[in-house]
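Heads up: the sequence lines are chains A and B, in that order.
The opening position of the first sequence corresponds to residue 21 in our numbering, with each subsequent residue numbered one higher.
The opening position of the second sequence corresponds to residue 21 in our numbering, with each subsequent residue numbered one higher.
Treat the hints loosely; a few may be bogus.
Copies of one chain are not kept apart here, so a pair can be met inside one copy or by any two copies together.
Mimicking SDA-like on lysine to any residue, the simulated pairs with C-alpha atoms at most 25 Å apart in a straight line are [what the hints assert, rightly or not]:
id : residue 1 : residue 2
1  : Lys138    : Ser193
2  : Lys135    : Thr201
3  : Lys156    : Arg172
4  : Lys156    : Ala43
5  : Lys138    : Arg205
6  : Lys39     : Arg205
7  : Lys156    : Arg171
8  : Lys138    : Phe199
If you are wondering where the hints come from, they were derived from the structure by calculation, not from laboratory data.
There are 2 protein chains.
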Amino acid sequence: NIRNLAMEKVASTVMFPCKYASAGCPVTLLHTEKPDHEEICDFRPYSCPCPGSSCKWQGSLDAVMPHLTHAHKSITTLQGEDIVFLATDINLPGAVDWVMMQSCFGHNFMLVLEKQEKYDGHQQFFAIVQLIGTRKQAENFAYRLELNGHRRRLTWEATPRSIHEGVASAISSSDCLVFDTNIARLFADNGNLGINVTISTC
Amino acid sequence: NIRNLAMEKVASTVMFPCKYASAGCPVTLLHTEKPDHEEICDFRPYSCPCPGSSCKWQGSLDAVMPHLTHAHKSITTLQGEDIVFLATDINLPGAVDWVMMQSCFGHNFMLVLEKQEKYDGHQQFFAIVQLIGTRKQAENFAYRLELNGHRRRLTWEATPRSIHEGVASAISSSDCLVFDTNIARLFADNGNLGINVTISTC
Ligand SMILES: [Zn+2]
Ligand SMILES: [Zn+2]
Ligand SMILES: [Zn+2]
Ligand SMILES: [Zn+2]
Numbered sequence: 021n022i023r024n025l026a027m028e029k030v031a032s033t034v035m036f037p038c039k040y041a042s043a044g045c046p047v048t049l050l051h052t053e054k055p056d057h058e059e060i061c062d063f064r065p066y067s068c069p070c071p072g073s074s075c076k077w078q079g080s081l082d083a084v085m086p087h088l089t090h091a092h093k094s095i096t097t098l099q100g101e102d103i104v105f106l107a108t109d110i111n112l113p114g115a116v117d118w119v120m121m122q123s124c125f126g127h128n129f130m131l132v133l134e135k136q137e138k139y140d141g142h143q144q145f146f147a148i149v150q151l152i153g154t155r156k157q158a159e160n161f162a163y164r165l166e167l168n169g170h171r172r173r174l175t176w177e178a179t180p181r182s183i184h185e186g187v188a189s190a191i192s193s194s195d196c197l198v199f200d201t202n203i204a205r206l207f208a209d210n211g212n213l214g215i216n217v218t219i220s221t222c
Numbered sequence: 021n022i023r024n025l026a027m028e029k030v031a032s033t034v035m036f037p038c039k040y041a042s043a044g045c046p047v048t049l050l051h052t053e054k055p056d057h058e059e060i061c062d063f064r065p066y067s068c069p070c071p072g073s074s075c076k077w078q079g080s081l082d083a084v085m086p087h088l089t090h091a092h093k094s095i096t097t098l099q100g101e102d103i104v105f106l107a108t109d110i111n112l113p114g115a116v117d118w119v120m121m122q123s124c125f126g127h128n129f130m131l132v133l134e135k136q137e138k139y140d141g142h143q144q145f146f147a148i149v150q151l152i153g154t155r156k157q158a159e160n161f162a163y164r165l166e167l168n169g170h171r172r173r174l175t176w177e178a179t180p181r182s183i184h185e186g187v188a189s190a191i192s193s194s195d196c197l198v199f200d201t202n203i204a205r206l207f208a209d210n211g212n213l214g215i216n217v218t219i220s221t222c
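Construct the entire structure; sequences and hints are all you get.
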């Protein structure tokens, strides 16, 4: 098909503006480069960081905390760099999310514990921390998640995700604290699981 | 059936010697208590601690190290309380075991990494440490397994198992370091995975 080949040739040399040009992005790119850039473009609007994605809110970074405060009032916030994220009733069946906020170093972090069944009959827990901030800001921090039990400890340390990239891809690639229901049982007390969360700067 | 009831009545009051009486165990027990005691009886012979159980060797605790040295010559031993357990070719398909020995504090520890497919299509790795010694001796130690990657660290700390109880039940109940192939990929280098192993006394 000659016409398509001609179109492809044009598309492979012409520069296009970024999808978020109207929001202020000055970048122009080849057609083939557009998707990768637009995924990480600083001018892309932020989505609501609450897991489960039932909330369709989008807006600027500055508007995220006001959105959470007004639309997700039930989320608890704890102050300090070293807190306990208490997930209650972890034996509830089905896919469940536990969420809380941690405020320290002048920033807000969202702690997420998600129960999923990626493999038939094999429920897993995924715990992760995301910064209400940009990817660049996230790189200045590290977080540690710790399960403490009788003569046992499981620890995961990593860089927080930015809410701009979200946690879904990290969870699907297991780039977070992953544990199964057996481990949860080893560390839980009466169906409640305490996760020690420590944020530090680096 | 009157005769069985009578037998049961006798069995429920008569004391029987432990199965390992001939090996020196002085304990006598009710019929119902025998299985539990015999499982943990100090006079029960030790089995070969190599995972996979293709070796049917049994003997006394003192004979375990000589057995390993003579019958399992390919197992590497490293000296010191802080070593690296290097598992090569972790992407090999199917169920695979990696084994090495660590010698410190005057004792020998067997490090085991096992790849299994407990759930269809979901390969998992299980790493654990067992002491060539009794359960009582094992309680005097703690071990730490650590995977280190780029801005990521996964750590498991626990009490070593005794080879008298073995590692199979701990692995099946996830009471060890558990991670999937995604995580292995995050921490592996060219298909080789280094696990930092630290033994301490407590
Ligand atoms: Zn852009
Ligand atoms: Zn929302
Ligand atoms: Zn006995
Ligand atoms: Zn053997």
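Hints and how they fare:
1. Taking the shortest Cα distances, Lys138 and Ser193 sit within 25 Å of each other both inside one copy (11 Å) and across copies (19 Å).
2. In this homomeric assembly, Lys135 and Thr201 come within 25 Å of each other (Cα to Cα) both inside a single copy, at 9 Å, and across copies, at 19 Å.
3. Taking identical chains as interchangeable, the C-alpha atoms of Lys156 and Arg172 lie at most 25 Å apart only when they sit on different chains, with a minimum of 17 Å there against 35 Å within one chain.
4. Taking the shortest Cα distances, Lys156 and Ala43 sit within 25 Å of each other inside one copy (19 Å), while across copies they are farther apart (67 Å).
5. Within a single copy, Lys138 and Arg205 get their C-alpha atoms as close as 19 Å, and across copies as close as 18 Å, so both meet the 25 Å cut-off.
6. In the homo-oligomer, the alpha carbons of Lys39 and Arg205 never lie at most 25 Å apart, since the shortest distance is 47 Å inside one protomer and 34 Å across protomers.
7. Taking CA atoms no more than 25 Å apart as the test, Lys156 paired with Arg171 passes between copies only; the shortest distance there is 14 Å, against 38 Å inside one copy.
8. Taking the shortest alpha-carbon separations for Lys138 and Phe199, both the intra-copy value of 12 Å and the inter-copy value of 14 Å come in at or below 25 Å.
Going down the numbered hints, you'll see the structure goes against just number 6.
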